[in-house]
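Engineer: Now for the letters of each chain:
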Amino acid sequence: MAKKEQAVVRKDISRFSWTLNEIKKHKVAYLMVAPFFILFIMFYVVPVVLSVVLSFTVFNMLEFPEFVFFDNYIRLLFDDEVFITAIKNTLIFAVITGPASYLLSLFFAWFINELRPKLRAFLTLIFYAPSISGAVYLIWAVFFSSDQYGFVNAYLIEFGIINEPKLWFQDTDTIFPLIIVVALWTSLGTSFLTFIAGFQVVNKDLYEAGAIDGIKNRWQELWYITLPSMRPQMMLSAILSITGAFGFGGVITALVGFPSPDYCVHTIMHHLDDYGGARYEMGYASAIATILFFMMIGCNLLIPRILRKVGS
Amino acid sequence: MTRFKNCFSKLMAVLLVCVMLLGDYALLGAYAKVESVDGSDSLVRTSLSEIEKLLTSVSYSSYLEIYKDVKNADKEIVIDLSAYKEDSTATVNLKDGYEGAEGTVLLMGDDGKIVFDIDVPETAMYSVYIEYWTGDIEVLDASGAVAAVGKSADIERIIYFDESVSFKESRSLTFTRAWKDVYTKIEDDKSKSYFDSVSDFFLDFVRDQANMSPDSDRLFPYDTNGNEAKPTKEIYGMWTGSFAYDTSGYYPNPLKYYLTEGAHTLNIETITEPMAIKKIVLKAASDTLTYDEYIAKHTAAGAKDYTGETLKIQAEYPVLTSDRTLYQINDRKSSVSEPQDSTLIRYNSIGSNKWQYVGQWIEYTIDVKESGFYSIIPRSKQEEFMGSFVSRKILIDGELPFEEAQNLRFNYSTSWRTDVLNNGVTNFKFYLEEGIHTIRFQVVLGDMSDILGRVSDSLSNLNEYYRKILMITGAEPDDTRDYKFQKLIPDVLKGFKEEAENLNQIAEEIILISGSAGDQTGTLKKVAVIVERMGKHPSEIAGYMNTLKEYTATLGTWLSDNTSQPLLLDYVAFQAVDAKAPKAEAGFFASMWAEILKFFGSFSADYNSIGSLVEKDYSDEALQECAIEVWTANSREEATIIRNLVDDSFNERYSIPVTVKLVVGGTLLPATLAGTGPDVYMGAGQSDPVNFAIRSAVYSLNSEAHGYNFNDLSKWADHPVYGEFIDDIATFDEVTKRFAPAAMVPFTLYGEAYGIADTMSFSMMFYRKDLFVELGLEVPNTWEDFYDLIYTMQSNSLDIGFPQGTGGSFIWAYQQNDDLFVTYTDEEYDAYLNQLLTQYTMDELVEMGWVYTDASGKVRPKIDGMEINLGSNTMLETFKKVCELFTDYDFPYSYSIATRFRQGIMPLAIADYTSTYNTMVIFAPEISGLWEFTPLPGTFDPETETINNSTIAAVSSLIMMRGANEKNALSAWTFMQWWSSADVQSTFGNEKIALLGPSAKYSTANIEALQKMSWSKDELDNLVAQFNAVECTPEYPGSYIIGRFTNFAFLGAYNNDDNPVEKMRSYLDDINAELTRKRQEFDLPTTETFKELGSVADDK
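Protein sequence lines correspond, in order, to chains A and B. Counting along the first sequence from 1, when you hit position 112 you're at 757 in this note's numbering, and nothing is skipped either side. Counting along the second sequence from 1, when you hit position 1027 you're at 1043 in this note's numbering, and nothing is skipped either side.
These are computed hints drawn from the structure, not numbers from a lab. Model, not experiment: these values are computed from the prediction. Among the hints, a few may not be true.
Label pairs and their computed distance ranges (CB to CB) [what the hints assert, rightly or not]:
hint: 1; chain 1: B; residue 1: E1108; chain 2: A; residue 2: R720; range: 42 to 52 Å
hint: 2; chain 1: B; residue 1: G559; chain 2: A; residue 2: Y773; range: 49 to 59 Å
hint: 3; chain 1: B; residue 1: E1108; chain 2: A; residue 2: L946; range: 40 to 50 Å
hint: 4; chain 1: B; residue 1: T683; chain 2: A; residue 2: V727; range: 22 to 32 Å
Straight-line C-alpha distance at most 20 Å; calculated SDA-like pairs for lysine to any residue [to be verified]:
hint: 5; chain 1: B; residue 1: K565; chain 2: A; residue 2: N808
hint: 6; chain 1: B; residue 1: K565; chain 2: A; residue 2: L867
hint: 7; chain 1: B; residue 1: K349; chain 2: B; residue 2: Y482
hint: 8; chain 1: B; residue 1: K565; chain 2: B; residue 2: K299
hint: 9; chain 1: B; residue 1: K565; chain 2: A; residue 2: R720
hint: 10; chain 1: A; residue 1: K954; chain 2: A; residue 2: L867
hint: 11; chain 1: B; residue 1: K983; chain 2: B; residue 2: L639
hint: 12; chain 1: B; residue 1: K101; chain 2: A; residue 2: S790
hint: 13; chain 1: B; residue 1: K484; chain 2: B; residue 2: L468
hint: 14; chain 1: B; residue 1: K84; chain 2: B; residue 2: K349
hint: 15; chain 1: B; residue 1: K294; chain 2: A; residue 2: S790
hint: 16; chain 1: B; residue 1: K1028; chain 2: B; residue 2: L156
hint: 17; chain 1: B; residue 1: K510; chain 2: B; residue 2: K565
hint: 18; chain 1: B; residue 1: K385; chain 2: B; residue 2: K409
hint: 19; chain 1: B; residue 1: K299; chain 2: B; residue 2: Y482
Derived coverage of chain B by chain A (criterion: at least 3 residues anywhere in the stretch with Cβ under 8 Å from a Cβ of chain A; other residues may be distant) [to be verified]:
hint: 20; region: 197-208
hint: 21; region: 276-289
hint: 22; region: 863-876
hint: 23; region: 925-931
Ideal placement from N, C-alpha and C gives every residue a C-beta, glycine not left out.
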C-alpha cells in the first residue's frame, strides 16, 4: 500500500503545507493530545497573552481598557520605588531560598537514601509533611505570636532575654530572617521527593564500575556518578525551586499581613496583588506580571546551563 | 540588682501615691459636667455602690453548707402583689384579670427593682415560686405612655432578701419563654393561610398516630424547589409557674434561701425584659417519689405493663419550645431518619447544638389510648462528647414522675441509638393514664451537675488566687526572688492545697460516673498537680504563674464544653415494655444504596437558588421589566432569611419580582465587568461605593447626573407598576435620617451618595464591674480619668485593651473635631475656586467635572480629599500619645480579649461592641452580669464644658450597580429603602438570633431597629448614647494608602523606638503623592494643579 506513495520531502513544499501534511499523517496522535492542548491554550497561553496585551493599557476592571503604549513599563521601572524594593526582595528570596532549598533537598535526600527502607519511608513522610499539609506554616505564627504569652515571647521573657513581647512578624528587623527560615522549611517539598526518587533509579552497577575506575570517596561518587545519572530529576527540582521562590508570596501575607511593614518583605507577587486588588489597576498589574514572567523564563533558561556543569 | 529594684519600687510607690492624689484633683475638675456631645442624656453606668450590694463571692454550695441543718419550710408565704413598697424603682402596673388571670397581676418594667415586705412565720429554708406570663407584655408609665415593651428574650431577674445577695447564683435567674411554631399552608389557589402548633388542627394531627409514620402527610409546606419550608417561631403567651433555679444547672433542685422568723424584704431586680407576675410564693419544693416508690405506687393501684402497638411522636412536630432557636433540622446522615429524601430537604429531626444549654426544653403532646406502664424510647444521637453522656429530664404533664427521671443519660455514639430512657443503671418504664399528655424534655446537667458546680467553684477560687498573687509579683514574676507568700497570703496557699484535693477527688468521681478516665479527667489532674505544688512549695509559685494562667483558661474551656449538652432527636416511641427497640441505624447495604442515590441526586439538585413558597405569576411585561436581582455574599442562613423577608414583607407591599442570589465574595467585580452583575449588592464594604462609583460601576442615589435622584419620585408617579405604591417608597433624604448622621459620610463623594448604610459597628468600652469595685475604681468619663486609671491598674498588674495605632488616635482626633483630610472654610473654597477661574471658565470647569453644587446650593471646587491632614498638630499629638501608651505605658499590642477579660487580668478594654459582646455571651457565661459596656471616655472641651465621646464606626453598604437601568432603577431603590427600614432590619436581626442563637447579635445601622432588638434596657441606653456620637472617616480616591502608611509609622515607633511624629511625617509626602496620582487618574483637581496655577496656600 505504501509502495506507490511517494515520500514528501520537506524541500518540495512550503513549511506550512508540510506541517499540515504531517498533522494529517499523525492525526490520531494530535487527536489524543488535543484535550490537553486545548485546555493548556485556554487556561495558560490565552491568559498570558491577554496579560501581556493588558500591560499596555490602563484597565480598572470596571471600564473598558484604554491603550497607553509603554506608560506602565516606564512608570514601573523608573518611577516606582516600591517595585524596585519588590524586585530586590524577590531576587534575594530567589537566590537564597531557591538554591538553598535545592541543596538542602538534595542533601537531605542523599542522607535519607542511605537509611533502611522503613526508616527512610518514615523520614520522607516527616520531611514532606510540611508541604502536603497546606497552611501548616501557620504554626510559625503561633510560635512567634506577638502576644506576650506567645511561645517564643513567653520563654524569652521568662529567661529575662527580653522585657516586653516582641512583634516577630511585624518588626522590620526580624521579619526577613524569619521568613527565610519558613521558606526553607516549607520548600522541602516536591523537589525533595523528586530527589528521593532520583536516588532510587541510579544504576547500582555504575558505583562498582566507578570504584574500579578510581572513585576515592563518597563525595566523588555523588559528583561523578549519582548526580549525572539523575539530571532529569535535578532539572525538574531546579525549575520547581526557582518558580516556587519567585512566586513565594502567600506565606508572607499569611504570616506578616499585607502589606508588610515598610514593604520590608514586599515581593513582586505582593506588588502585583496590590495593584490588581486594592488599587484597581489591572493594566499596571499586568505589566508587573509580564516582567515576572520573563524573569522566570530567564531563570529557567539559565538552569540547564548550570546543570550541564554537574559531574564535569 | 535587687537593691536597685527595691529602691525603684519604693520610688514608684511614692510616685504612684502622688499621682493618685493629683488624679483626684483632676477628677473634681472633670466632673463639672458629664454629658454626651449630642446632648443625649443617658450615659448609663451602673453606679458602683449599687453593684457592690449585688457582689458576693459566696457560692450556693458553701451557702447550703452553712445552713445544712436548717429544715425546709412547712408553711407557705404568699406575697400580696399590690403591696409593693415605696422604694421600688421599677415601673409597675397592676391589672386585674390580665390575660385571663384570676386576681391582680403585677406588670414589672425592664428596669429597676421591686421590693416587698414579708413576714416569715418560722426560721427555715424557702424557695421562690413565681407564676408568670411567657408572652411579651407592655408596661405603661405614670403618664400612660409605653415605658417598656417585651422583646421576646429570656426574662432575667436578681432575687435577694433584705440588703444583699445571699449567693452568686441568685444574681442571674432565668425564666424561660414559650415559643410555638406557625406553619404556612398553601391553598390550591396559591393563597397562604396559617395555623400554629397550639391550634386544634395541629394538635389533632400530631396526636393521630397515622400521621407519625414516615410516609404520611406532612405539615410543612413545599417551596418552589420541592424542599420543605420551616415554620416560623412565634412567642406564645401562657401562665406558667416555676421555682427559681440555678441558671447554670449546677444545682438541679430549686434554690433555697435561709430566712429567719420575722420581718424581711424580698427584692426582685430586673436584668432583662419586662415581666407579668401572677403569683409569688415562698415555700419548699415538694418531694418527689423515687423510682421504686413510683412503680410500687402504680402497681398497687393495679397498673399493668402496656402490650399494644407502639405509639410515636415525630420530633419535628413540637408543640412548644423554650427558645426560638429550637427549630427543625434535616438530618441526611442516616437513611433511617424519618422521613428522608435523597436530594430534597425533609425536616426529620430537632435539637443538636441548638438544644444544648441548661434549661432549654421541647414539649410534645401524645394521646394515650390505654393506661399502663410504657417504655419510652427516643431515637437520638449524641456525637459531641466522646466517652461521656448528655442529660435530659422528662416532665410528664409538667411533673417530674420520679426523682431519677431528672438524670436521664444519652451516651456518646456516632450513629443513632434507640435506648430505653435510663440513668445509666436502670431502664425506666413510665406510667401513662389513658388520655392526652404533654411530654417535655429539658436540658439538665444530670449526674454531672454537682461535679461541674464544684469545678466552677474551684475555677473561680483559682482565678481569685491568681489575681492576688499577681498583685504581689507583677505581670512578670521573678522566680529567684522570695516574695514571702507564706506571710502575705497564707490563705491562698491553704486554698491551693484544698483545690488540688478537690480537683483530684472530682476526677475520681468522674471516673466512677462515666466509667472511663479519658480526656476529661486528664485536664483536671493536670491542673491539680500544678496547684498542689504551688500550695506546698511557695518558693515555686512565681515560676508557675504562667502555667497556672494557662491552666485556668483550659479549665474554663473544659467547663463550658462540659456544660453544653447537645442532643439530636428523630422521634420518641412509646411501646410495650418487653417489645424490641426500633432499629436505630440502617444496615450496610441500605445505607450504601442511600448514599448512591444521594450521589447521583447531587448532579441534578440545585443547592444554590433560594426557593420561595409560592411561584408568583410575573408574566406581565411591564412587571418583568421592573424585576431586579439582588446579590448577597453573607451566609446561606442569612440569605434564606432575606428570601423569606422578601416573600412576606416586600412582596406584600411592593409587587416587584426579586431574585435573591447567594454569591461568593469577590464575584461582584468580574460579574459587573462582564455585564452579568446584580442590580443591588448587599453588604458591600465601606470603601466599595466610592471606589466603584469613580469607575462608573455604581449609580448615585441623589442626583440625575451620575445616576438617579430618589428624592424626587414624581417622574415614576404614572408608571403602571410603580404608580400603585409610589407613596409607600421612602425618598433618599427620608432613608438617610434612619442612620447616624456620619454613617453616610463614607458613601458620599462631592455631594453625591453612592450607597446607603447596612450595618455599622464601632468600639465601646467594656469593663468588669466586680473588679472595678474591688479596686475602688470609677468608670472613666474622660481620657483624664482614663489616664488616672492606668496607674491603679498597672500597679495591680492588670492590663488595659486599647485599639492600636491610628485606631485609637483617630478616635482622639475626631473627639477634638479634627479630620482625616484637610478641611476648608467657605473662604478657602472660594479662594481655590477663583484660582481655577483664572485659567478656566465656569462652563469649562463644569464640563471637566471639577466643581459641584453642594447641599446648600453653593458651587464648590472638588478639592476635598486632595490633601491628608495627618500632619496637623492634633493628629500628630494624638498619634504620639497612642504610641506612648504602647511604648511607655506597655499596653499589650496583641491579646485575646475574650480570655483576658474573662480571667480578670484585663478588666477594661475598648473593643468592637457586637463581636466582643457575642464572644462574651457564649465564651464566658460565668462572668455574666459582672461586666458591662458603655460609651467611650470623652475629650473634655473647656470652651463648651461638654465631653465629646465620639467613636469611629465601620459601615457596610447597600449599592445600586450599573446593572440596573432606566426601567428597574426604582425597583432597586424600593428594595434598598425597604431593607434599611426599621421593621425589616429588626426582623432580620431577630431572625438571625433565632437561627444562630443569642451570640448572633446584628449590628444594624438603623437606630430605630436597634431599639427593637433584644438588648436589655441598660445595654440599649448605652448603645444609643454611643450611636448618637459616631463618626466615620470619609473615602476619597486613594484612601487605601492611609491605613497602610500609618500602620508603618506605628510599627516603626513601636518596634524600633522611632519618634512617632518624625516617622509619621516622613510618610506624609508618600500619602499625598498617591492621593495626587489617583486623583489624576480620575481627572480631579490635585494639589499639583494649584501649584501650577500659582500657590493659593501662600495667600492663606
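Engineer: If a hint holds in the structure, say so; if it does not, say that too.
Structural biologist: Now for the hints, and whether the structure bears them out:
1. E1108/B x R720/A: 42 to 52 Å: violated, 20 Å
2. G559/B x Y773/A: 49 to 59 Å: violated, 39 Å
3. E1108/B x L946/A: 40 to 50 Å: Hint holds: Cβ distance 48 Å, inside 40 to 50 Å.
4. T683/B x V727/A: 22 to 32 Å: Check passed, 29 Å falls within 22 to 32 Å.
5. K565/B x N808/A: holds, 19 Å
6. K565/B x L867/A: violated, 54 Å
7. K349/B x Y482/B: violated, 46 Å
8. K565/B x K299/B: violated, 43 Å
9. K565/B x R720/A: violated, 55 Å
10. K954/A x L867/A: holds, 14 Å
11. K983/B x L639/B: holds, 10 Å
12. K101/B x S790/A: violated, 57 Å
13. K484/B x L468/B: Violated. K484/B to L468/B sits at ~24 Å, over the 20 Å cutoff.
14. K84/B x K349/B: Violated: K84/B and K349/B sit about 50 Å apart, past 20 Å.
15. K294/B x S790/A: violated, 56 Å
16. K1028/B x L156/B: holds, 17 Å
17. K510/B x K565/B: Holds: K510/B and K565/B sit about 19 Å apart, inside 20 Å.
18. K385/B x K409/B: Violated, at roughly 24 Å.
19. K299/B x Y482/B: violated, 40 Å
20. 197-208: violated (count 0)
21. 276-289: violated (count 0)
22. 863-876: Result for this restraint: violated, n = 0.
23. 925-931: violated (count 0)
Hint check: violations occur at hints 1, 2, 6, 7, 8, 9, 12, 13, 14, 15, 18, 19, 20, 21, 22 and 23; the rest are consistent with the structure.
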